[in-house]
Structures are given as structure tokens and as C-alpha cells.
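Peer 1: Those sequence lines, one after another, are chains W and C.
Under the numbering used here, the first residue of the first sequence carries the number 1, and numbering increases by one thereafter.
Under the numbering used here, the first residue of the second sequence carries the number 1, and numbering increases by one thereafter.
Treat each hint with caution, since some may be false.
Derived DSS-like pairs (lysine-lysine); straight-line CA-CA distance at most 30 Å [unchecked claim]: (1) W:Lys123 with C:Lys116; (2) C:Lys84 with W:Lys123; (3) C:Lys116 with C:Lys84; (4) C:Lys242 with C:Lys116.
Source of the hints: derived by calculation from the structure; they are not laboratory data.
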Amino acid sequence: MIQKILFIFCLLYITLSCGEDDNQNQGYSPTPVNIAVPAVFSQLLPAPEIPANNPLTQEGIALGRALFYEKNLSADNTLSCAGCHRPNQGFSDQRRYSIGIDGIAGFRNSMPIVNIAWNTNNKFNWDGSANSLEEQVLEPVINEIEMHNTWPNVEQTLQTDPRYVTAFSNAFGTSTISQELVAKALAQFIRTLVSGNAKFDNYLLGQATLTPLEEQGLAVFLDENRGDCFHCHGSPSNPLWTDNDFHNNGLDENFTDLGLGDITGDPAQFGLFKSPSLRNLAYTAPYMHDGRFQTLEQVIDHYSEGLVFSPTIDPLMKTVAQGGVQLTPQDKAALKAFLLSLSDHSLANNPAYQNPN
Amino acid sequence: MFKKAAFLVLLVIPFMACDKNEDDQVQQNTPVRIDFLHSFNEDAVDFSNFNTIQYTNGFGTSLSITRLRYLISQVSFTNQEGIKTLVKDYKLVDLSQDNSLAINDILLPPGAYNLKMRFGFTEATNTSSIYPDLNAASWNVPENLGGGYHYMQLEGRFLDPGDTPDEPFLYAYHTISAVQNPGPENTREDTSIEIDLGEITITQGATQINVNMHIDQWFENPNLWNLSELNGMLMGNYTAQKMMQENGQNVFSLASNMSD
Numbered sequence: 001m002i003q004k005i006l007f008i009f010c011l012l013y014i015t016l017s018c019g020e021d022d023n024q025n026q027g028y029s030p031t032p033v034n035i036a037v038p039a040v041f042s043q044l045l046p047a048p049e050i051p052a053n054n055p056l057t058q059e060g061i062a063l064g065r066a067l068f069y070e071k072n073l074s075a076d077n078t079l080s081c082a083g084c085h086r087p088n089q090g091f092s093d094q095r096r097y098s099i100g101i102d103g104i105a106g107f108r109n110s111m112p113i114v115n116i117a118w119n120t121n122n123k124f125n126w127d128g129s130a131n132s133l134e135e136q137v138l139e140p141v142i143n144e145i146e147m148h149n150t151w152p153n154v155e156q157t158l159q160t161d162p163r164y165v166t167a168f169s170n171a172f173g174t175s176t177i178s179q180e181l182v183a184k185a186l187a188q189f190i191r192t193l194v195s196g197n198a199k200f201d202n203y204l205l206g207q208a209t210l211t212p213l214e215e216q217g218l219a220v221f222l223d224e225n226r227g228d229c230f231h232c233h234g235s236p237s238n239p240l241w242t243d244n245d246f247h248n249n250g251l252d253e254n255f256t257d258l259g260l261g262d263i264t265g266d267p268a269q270f271g272l273f274k275s276p277s278l279r280n281l282a283y284t285a286p287y288m289h290d291g292r293f294q295t296l297e298q299v300i301d302h303y304s305e306g307l308v309f310s311p312t313i314d315p316l317m318k319t320v321a322q323g324g325v326q327l328t329p330q331d332k333a334a335l336k337a338f339l340l341s342l343s344d345h346s347l348a349n350n351p352a353y354q355n356p357n
Numbered sequence: 001m002f003k004k005a006a007f008l009v010l011l012v013i014p015f016m017a018c019d020k021n022e023d024d025q026v027q028q029n030t031p032v033r034i035d036f037l038h039s040f041n042e043d044a045v046d047f048s049n050f051n052t053i054q055y056t057n058g059f060g061t062s063l064s065i066t067r068l069r070y071l072i073s074q075v076s077f078t079n080q081e082g083i084k085t086l087v088k089d090y091k092l093v094d095l096s097q098d099n100s101l102a103i104n105d106i107l108l109p110p111g112a113y114n115l116k117m118r119f120g121f122t123e124a125t126n127t128s129s130i131y132p133d134l135n136a137a138s139w140n141v142p143e144n145l146g147g148g149y150h151y152m153q154l155e156g157r158f159l160d161p162g163d164t165p166d167e168p169f170l171y172a173y174h175t176i177s178a179v180q181n182p183g184p185e186n187t188r189e190d191t192s193i194e195i196d197l198g199e200i201t202i203t204q205g206a207t208q209i210n211v212n213m214h215i216d217q218w219f220e221n222p223n224l225w226n227l228s229e230l231n232g233m234l235m236g237n238y239t240a241q242k243m244m245q246e247n248g249q250n251v252f253s254l255a256s257n258m259s260d
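If we strip away everything but chain C, and leave its shape as in the complex, we get (with noise of 0.2 Å):
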């Protein structure tokens, strides 16, 4: 029977590789599409805006970004019967990458929806090694650190007050799963966080919806970063994970009217 079935389907591959057939039938699904936007305080960032130092963090440190990477995971659409569908375990958005800056292969019936996700990934999901694409990202985390992947890695320059633009200071803002006693003996704290959404309602035709992160909250809600003083291995440093992970809460939010 699935013999049968593989090559019915089988026959049907050179059609529809040659001809576009119409497909008139009506559709109960709807293509949903979810782009990552991105912004500090009010200015819409992507990579074109990189590498120059043009913003300033709540603690009045003037900064720049040459790399952002992070890791979103569990993106689901729970309809009002409460049934949930995951659409993406995970996906690695990379500001460099134009490819990587949407989810757009979600097909959904219309319908009211609460839309979730989650920045980084939970303990139960976040074994080393396991994801083929992102090891050959590097993204990894090293075992001494507690293993698993990164969540997300921003970086980029920075200016202390009264400093020469010529030669700014660095800056690597990485956020992984907090680890205590980093080393063979470490342990590991999930730092990932929920994004809820809140509601969607998906029409018929296609829908678009804008996530975008606020950049700037990353340096300010509820912990004014000093990045003076937290600039760089941040990974083995516990205290900073948790206040990364206190900053992220409200790192995420629908856009609503971003598009065009």
C-alpha cells in the first residue's frame, strides 16, 4: 500500500516539476509568514545599519553592532480550542543572512491564535551536538560551559565617555543556558525565555506578522548594563547570564504596523 502510494507520488514529481498546474481547489490552509525584525530604541536595525557606532545603551554608552546571531525555538500557534500547533522547532536568525530572517513555510487555517515562541532553548532540548546545521554554524557551546548552543551572540564596539572613536572598545554579549562552576564539574540553569506573543488572527489570503526585538532592552530593563565592565566572557559568568536572561523579558514584541 505504501509502495503504491510512494509511487503515485512519484509519478506526479515530473509534472509538477515542469508545468505549474494551477491548483484551483480551495484551500482550508492559509500561508502564514513571520519575519524577525530588529530595532534600537526607535531605529529599525538590519546589516546595512552594522559596524558603525550610532547607538546609544540606556547607561549612555554609545555603541555599534558587527554580529547578531540568536536562536528562537518552539514557535507554536495554540487556536482558541486550545490545540496547538508547532510550526518550528527551531530556527538561528542571523543578520547577515537575508535567508535567515523569516519563517515562511507555515500554512494554517484562518482563525484567532496565540502565537509563542522562545528565545533559546529549554534544558530538554538543548543537547550538545545534536543539530547538525547549527554545529556547522559553531554555535555550540563548549562542554566546560555546560554544552548545549548558544542562544544568541551580539556584537560589536563601544565607546567609554571621553574616548577617541579611533580605537573603541569590544564588546561580545553572548547569552547561553547559565552555568555555575564552569569545568568538568559545571551545572546548568535554563535561560531560555517564553515569548508570548499574545493574539493573531489569520485571515484567508496571506498573513504577515513582524516579531521585533528591541535591541536596546538587552542593555537596559530592569539592569543598566555597564559595558565597561561586562563587555566580554560573558559565558562563564553566571550573575551576567541571569541578568541577560532578567533584560530579555521584554526584549520581543509583535510589530503591528511594520509592514510595508
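Next up, chain W with everything else stripped away, as it sits in the complex (with noise of 0.2 Å):
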């Protein structure tokens, strides 16, 4: 108890002696909110990522969430983010490309965004155009191919809002509505979007067993002379299921997209996408950075004989001279049963993460 009074009197003195608070309105007392951690991720994970200038309150994450849902965001209030990152299709789109409100598609397909304050890489995007995610969150908005707005335009749309003066003034301690905040708030509530609570995650924890199959399919994603999933995927000890990091898994002999490459310039990384998780497969079809495969399948049989060469194929995609590993129908079969493991049944309803408005 005195240590927590100790600990918030250290708190204030360090906001009063650093911070000029022309802004602050007189009642603001955000209440401080950690993460809800699961338990595998807190045994075998850094603790998530926040950024100092952002921490996470309970006023700043139901915020963001009311925004997130929030339709006013885009030119002619009919599409939120939640539209092209829905909860119960893992926060990602099961549509190929989504459709922006002009109803013009995009190029890639939606990013399912949970377990975003564990990447500690902090690039964005499936061609890591974003580095933070404070930063992301700002592009959706005036994307002309999404929500096609502009930010003073939301700031202003906002501000006429009573409800939202209310609780920027809650969350941030000003009724001046600016991007920033809508992107601080945004990130607070995305940051609070924890997949942790798959089959997979029971059995780390002796809470489940696993079939004969998904154990048969965790060997074929750990055997180095068989699926080799487990360098750019995770393994038991990485819950994340991704290595947060860019590789070219042979899919392309030529590419329309350079991925990485077209926001680096580098020849060397053309072609190059971020590993995306593998959890909730079972809810992000279609799959890769183009939505290219409807079926976990078509994704199996990619790697198995479909790989194909291109001169910045990863390293790892070693038997790419004879399309892949050449996986049997057994072992394709266990494959699959283990990645569907990995899907988190309860992330779609978590009352958390609902539609407030």
C-alpha cells in the first residue's frame, strides 16, 4: 500500500517537474491499465511494448475502441475499421482485397491485428511501411482506397460530437481533438487485442491434449527436413507464431507487388512480406499478402511442391529446385490439423472487444 502511494506521489512529481501543462483540464485522472497477458505468453515472452508517450488507460482504451467501430472516420460514414478488421474473422477480412468506401478494392489483403504490443520489431504493415503502430493507425483514414478522408475533417466531425469532447477530455485531458490523439487512442485499443487462448496455448499449459494428428502436424512444422515452418513461424516456445520479420516464401517468379522492397528501395528486397502470424487460421482465409489461396490446402500444397525460384527467395525455402519438400498427404493432412490448433475460439466474442457505439 505505501509502496503503491510511493510509487504514484513519484509518478505526479515526475509530470510536474518535466510536463507543461498548458492543456490539462482540472479533473483529468486517466486510470493506468496493463494488458490482460496470458499466461503462455507471460511464461515464455518479453513483456508487450508500450510506448511511454502512449501509456494505456482505461478512458484512452475506450476510446479508441468507440473510434474503432466508429463509421464517422471515413469521408461518408459508412465504414469503420472494425469493417475490414472484423473480430469474428480475426480482426482480418475474408474478403481477398477489401472494398473502401469508393468501392474500389485495395491490392492486399486486410492484416489481422492482434497481438500487435508483442511486436517488438515495430514495422507495420505486410511490407513494414509504418513504424509504430501510433503511425499506422493514421493512414486507414485518408487512404484514398479506404476510408478516403481527410484529418481535419475527422477532428472536426468529432469535435461536434458532445460524447467523444467527453472522453478525449477523460482520456487525454484536453476537448482539442486532434489526429494524434485519435491515433493514440486507436493504438491503446489495438494494443489491448490479445489472441492467446487456442487449444495449442491449453496444451502448453497441461490444460488440453493435443489428437494424435496435431501432434503428428507439430513434427512435420518442427522437422527441419519436413515443413521447416518454425524459423520464420514460431514454435511452442514463440506463441506469437511469427518472427515479425520479412522474408520471400517463393511465391512469385516475377513480382506485381515488391512488398518491402518498394518502401526501402532495395533491389535485394523485392518481394519480401512479413511472416503474419499463424494464429486464427481458421478465421483469416483467404491467405498471404494478395489473399492468393482460399484454402489452408492450396497454402500446404505451396509449400510442399509450388515454391518457386526468384532471386530474393529466402534461404530457408531450400528445396525451392524441386518446388518444395514434397510432403506426403499424411503429413499435409497432420499439418493442417495442427495449424487449425493454433486458433483462438474466444477472441471473437471477448465482451472487450464488442462494438460499443
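Hints given; two lone chains; assemble the complex.
Peer 2: Take a look at the structure:
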């Protein structure tokens, strides 16, 4: 108790001694919140990274949640973030290309936005074009083929809604709504989107057993001579099921989308995309940056016999000359069963993630 | 007592956070920094040299590097009285991450020391899943291959003599603790490598130490490495792991005059 008081006292002290509180409202005292870290994550992973200038607060998260479902962020008031990041689709979109407000389809498949607080590489989007979550969330609002709005317009729209004026005041101590604060609130909410309750998580905790087929599939996944998936997609020791890094996994001989290379301009990075997490595949079809595969069978066939060579192909795609590792039908079925054990069926129904508006 | 001390420390924090108190107390300890440098034959290698087939190994194979990450553990300075100071339990060096290429939080009294470190983890420290940062970096070795962590991932492309440069072959030279009988009943053998870098003198002021990895040595000495035969799936290959361990003995050295 005493320690808690001391701690708060010191926090205050730091704020008082360094801050310049012009716009602070008098009653501004948001409640600090910690991310609900799944047991498997706290055993195996570093604590989530929260930027010092955007700590999680109850008020900030609640505001972010309202904004995530707010159709008024789009120019014609029809599309919210959740329109392309649907809770019941693993916070991604089952349409190959999401459709923006002008009816124009994008050219990439939406990304599942869960466990983002553990993306310590801080590179967002398939091509790593955003360097922080706060930066990323600014973009869809003004993207011409997404929400096609302008920030001054968003600020103005929200400013005329008394509920938002109060909510911003409670969350950030100012009733002046700005794009930075919208981004901060959205980022706070997104950091609370955590998925760690798949069958496989419970298996790691000793609370579930794998079927023999799932166990065989895990062995294929971890076998250097068969799946060899673990080098890029995590393992029982890395329950993010991604390395959050960029690779060319042998999809195309020629690239229509340069991925990371389009951002860096480095030809050695042409055709590299972020390894997606393998969590929630039951909900996140279609697969790959362009949603080219409808089913997990197609994905597995790709790695087994569909690999094609291009100059930037990842050296881990070692059997590219043969098209892949040539998995047996049994291994393929097992791999699929294992991959599905990484899906978290409680995610969509988490009451904290529902539309509050 | 403890709480009182904590309170005082906390009181001081805000001041430290805001003003820069130049501390003119005489410091007994002086900062020491270890930089990890890399070379292939005589050429310095960093991330900007990656991806181009421009190196030739002892076997005569032309190759490129696309990825190089490795684990250093037990970095210690032993002074002349034989007192050993462990300055780092482990460190993952990743050439694609600039901030991983140095250890820069060392403070030691000036004097003469012996500097030692280890490539990879010893058996005692190579326990599966216990290092959260390494788990998040997907540095683990699957249980069927002995568990624990990788020592090194060196990857790239190579040309066989007579090969066209358009479609080079791929290699993944991964070192781990050697494993026999991969599978549930495997047995693991410590193939980490002690690196004795010899005498170092730390002087008052800042001391900077360069440790150089001679990447070419992994392919050369004593085992000439034929990438056409040994290019992938090496983790479960006990013989290859033992050869890598032998080749690793001469890979690291102090680079005395590489600074500035």
C-alpha cells in the first residue's frame, strides 16, 4: 500500500517537474491499465512494449474502442476500421481485397490485428511501411481506397459530437480533438487485442491434449527436413507464431507487388513480406499478402510443391529446385490439423472487443 | 530501511530525468564498449554488403550472405588477481539490427584483464524456452533437435562452379549444440566454443574493444567446406555440427586497429 502511494507520488512528481500542462483539464486522472497477458505469453515472452508517451488507460482504451467502430472516420460515414478488421474474422477480412468507401478494392489482403503489442520490431503492414502503431493507424483514414477522408474533417466531425469531446477530455485531459490523439486512442485499443487462448496454448499449459494427428503435424512443422516452418513462424517457445520479420517465401517468379522493397528501394528486398502469425487461421482466410489462397490445403501445397525461384527467395526455401519439400498426404493432413489448433475460438466473443457504439 | 532507501532513490529520479547533473565525482569505474565486427577474407562485412555474391570461400565457392545472427554468452573480464567479472550473460548479434552490434553498458576499473566469451550456450545454460527475448526472436531449437537455442544462423546463396548467377543455390549454415539420434530420444552434446581474446588493457576514459568474426573461417579451417554437399538441414546433422565446431575455433579474434 505504502509503496503504491509512493509510486503514484513519484509519478506525479515526474509529471510536475517536467511537464508543461497548458491544456490539462482539472479533473484529468485516467486510470492506468495493464494488458491482460495470457499465461503462455507471460511464461515465454518479454512484457509487451507500450510507448512511454502513450500509456494504456481505461479511458483511452474505451475511446479507442469507440473510434475503432466509428463509421464517421470515413468520408461518407459508412466504413469503420472494424469493417476491414472484423472480430469474427480474426480481426482481418475474409474478402480477398477489402473494399473502400468508393467501392474500389485494395490490392492486399487485410491483416489480423492481434498481439500487436508484442511486435517489438515495430514494423507494420505487409511491407513494413509504418514504423509504429501510432503512425500506422493514421493512414487508413486518409487512404484513398480505404476511408478516403481528411484529418481536418475527422477532427471537425468528432469535435461536434459531445460524447467524443467528453471522452477525449477524460482520456487525454484536453477537449481539443487532434489526429495525434485519435491515433493514440486507437493504438491503445489495438494493443489490448490479445489472442492467447487457442487449444495449443492450453496444451502448453497442460490443460488440453493434442490429437495424434495434431501431434504429427507439430512434428512436421518442427522438422527441418519436412515443414521447417519454425524458422519463420515461431514454435511452442514463441507463441506469437511469427518472427515479425520479412521474407520471400517463393510465391512468384516476377513481382507485381514489391513489398518491403517498395518501401526501402533495395532490390535485395523486392518481394519480401512480413511473416503473418499463424494464429486464428480458421478465421483469417484467404491467405498471403494478396489473399491468393482460399484454403490451408492450398497454402500447404505451396510449401510442399509450389515454390518458385526468384532472386530474393529466402534461403530457408531450400528445396525450391524441386518445388518444395514434397510432403506426403498424411503429413499435409497432419500439418493442417496442427495449424488449426492455433486458432483461438474465444477471440471474437471477448466482451471487451465488441462494438460499444 | 529498504523502503527508506527506495524512497530516496525515487525522490532523486525526477531530478535526474529533467536536468543533466554533470557528475564530477571521481569515477573509479570507466566505460568499456565491445563492438562486434565481421570480415570475409580481408573485406569488412556489414549489412550493406549482404545479398551480393561477392565472396569466395576456401573451397572456391562464390557466395553471398543474406542473414547472420549469432549468440555470444558469458562475456567476462578477469583481472590480474584472478577475479572474474561477468559483464553479459548472453547477447544475440544480428547484422541486420544496428543496435545489436555492441555491448556498451560495461563499467570496470582501469587495469589489465583477460577477456573471454563464448560462442553459443553451454549445456548448463542452453535450457529450452527460458530466455523471453530469444523466444520472441524465434531463436529456439525444436525439442526433437535437442531443444535450447541456436548458436548461429548464417544464410545466403552460392554458385557451383559453372553455375549461372541467375539461379544460385541456397545455404543455411545453422549451428546448434550437436544432436545425435534426432527425435524424442535424442542426446545433445555441447559444441559451444570458448573464445579467449587474451590481454586487454582498460585505461581511464573510454575503452573500446573490437571483436572480429572471420566469417571465411567457418568454411575453411580445418574442414574445407563443400557447400554443394553441406548447404541445408544441418541442424540434425551431427557430423556437420562437429565440423562446424572445429572450424569455429579460429573464427574470432581481437581486431586491434579497426577502430576509427
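Peer 1: Against each hint, give a clear statement of whether it holds in the structure.
Peer 2: A quick look at each hint next to the structure:
For a cut-off of 30 Å, the pair hint linking lysine 123 of chain W to lysine 116 of chain C is broken: about 35 Å separates their Cα positions. Distance restraint check for lysine 84 of chain C and lysine 123 of chain W: the Cα-Cα separation of roughly 40 Å exceeds the 30 Å cut-off, and the hinted pair is therefore not satisfied. Proposed proximity of lysine 116 of chain C and lysine 84 of chain C is supported: the alpha carbons are some 10 Å apart, at most 30 Å. Distance hint between lysine 242 of chain C and lysine 116 of chain C is fulfilled; the C-alpha atoms sit about 22 Å from each other, no more than 30 Å.
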